[in-house]
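If you read the sequences in order, they're chains L and B.
Counting from 1 along the first sequence, just add 7 to a position and that's the residue number in my numbering.
Counting from 1 along the second sequence, just add 7 to a position and that's the residue number in my numbering.
Be careful, since some hints might not be right.
The list treats identical chains as interchangeable, and a pair is accepted whether it falls inside one copy or across any two copies.
[Claimed, not checked] Cross-link-like lysine-lysine pairs, in silico, DSSO-like; alpha carbons within 27 Å at most:
| # | residue 1 | residue 2 |
| --- | --- | --- |
| 1 | K47 | K66 |
| 2 | K13 | K66 |
| 3 | K131 | K47 |
| 4 | K47 | K24 |
| 5 | K131 | K13 |
Quick caveat, the hints were computed from the structure, so don't treat them as lab data.
2 protein chains.
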Amino acid sequence: MEFPSKLIEDAVNEISKLPGIGKKTALRLVLHLVKESEHKTAALTDALTRMRQQIRFCKTCYNISDTEECGICQSHRRDKSVLCVVEETNDVMAIENTAQYNGVYHVLGGVISPMNGVGPSDLKIDALIDRMVRAQGTIKEIVLALSPTMEGDTTAFYLHKRLREFPVKVTSIARGVPVGGELEYTDEITLGRSILGRTLFS
Amino acid sequence: MEFPSKLIEDAVNEISKLPGIGKKTALRLVLHLVKESEHKTAALTDALTRMRQQIRFCKTCYNISDTEECGICQSHRRDKSVLCVVEETNDVMAIENTAQYNGVYHVLGGVISPMNGVGPSDLKIDALIDRMVRAQGTIKEIVLALSPTMEGDTTAFYLHKRLREFPVKVTSIARGVPVGGELEYTDEITLGRSILGRTLFS
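Pulled out of the complex, with its shape left as it was, chain L reads as follows:
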């Protein structure tokens, strides 16, 4: 792509480094900013700069938080004996949206992925073990809510092994046919797991 201006080219290059945004989309966004008044661009860059510089993580669960400890960890209404292990902040948001979970969280910051050079020490796994030690047996259940991928499964197995020394029940969110999904269009592995994991009809 030939750009009419180095400034445009630099901006397009930076924007297209973001995931899922190609050069054409980036150019469309840049030309939109050019048409809008200068303070709109300033508002965008200010929000991004402030966010990146001031962002903090909860000292307990490592979720993104504006305070030292996040609202969920601080809440007296949440059941501190159940701890849900997730990869990222957006997983916490997704589970919170269901309104079906009343425990607390632990955000790993990713999954074990040798291909991408991510090992256990790059994740908040030691912090989870510390948290278990500090809890002195008050955490009764760990719910693993990791992606149903090779990396997610590897991470789940690793966590299961590390958690064996504690008197805690380790569970995993159910894998099965999605609600509203049609049986014939469900892939074999999911359908197979849904049969193995069948539950009592009640």
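Following the hints, complete the assembly by docking chain B onto the known chain L.
Frame of chain L; chain B shown alone:
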């Protein structure tokens, strides 16, 4: 959507003001920036700020340019007697990519759109007329390359009327069946125009 942090919420709100980016995509981008090092966000915001503050427009054709007059207007290889009128910079880029045009451009900055409150005075139409006067008859052809929409057609009619006082040939880019397109899937209006605008088979 419930956000774990006001900083994240502000950043998501600003990003989702960009065209074609919803809250979910914006959140994904923000969380990506959180995972990456701080200087990546700084590189992005710097490029956007510099672009918006320093961007200039060619004094002759109003295309985006790093110099007072853009490379196309300055070039001695371009045919200054043919002038292509387009809406935006990306139209110039698209036409340049075809390598089929050797004239110069005039960027209007949009099209007449009463619905969006854009009148002739909001566009570089008076500047085009001035340019015609200054050219003293050396511009022999004006090629209208506007979008085939109601607004584009309105703008084309308006320009045609304003240009009547000059001894200049006003043409429009061809409307017809796209190359590689199938006849049966072409909409009626396009197919109709392609019949009315049929050319000698050579």
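Here is what the structure says about each hint:
1. K47 - K66: So K47 and K66 pass the 27 Å test across copies only (25 Å; inside, 34 Å).
2. K13 - K66: Between copies, since 17 Å is at most 27 Å while 43 Å is not.
3. K131 - K47: between (37 Å within a copy, 23 Å between copies)
4. K47 - K24: both (21 Å within a copy, 9 Å between copies)
5. K131 - K13: between (41 Å within a copy, 24 Å between copies)
Violated hints are absent here; each numbered hint is respected by the structure.
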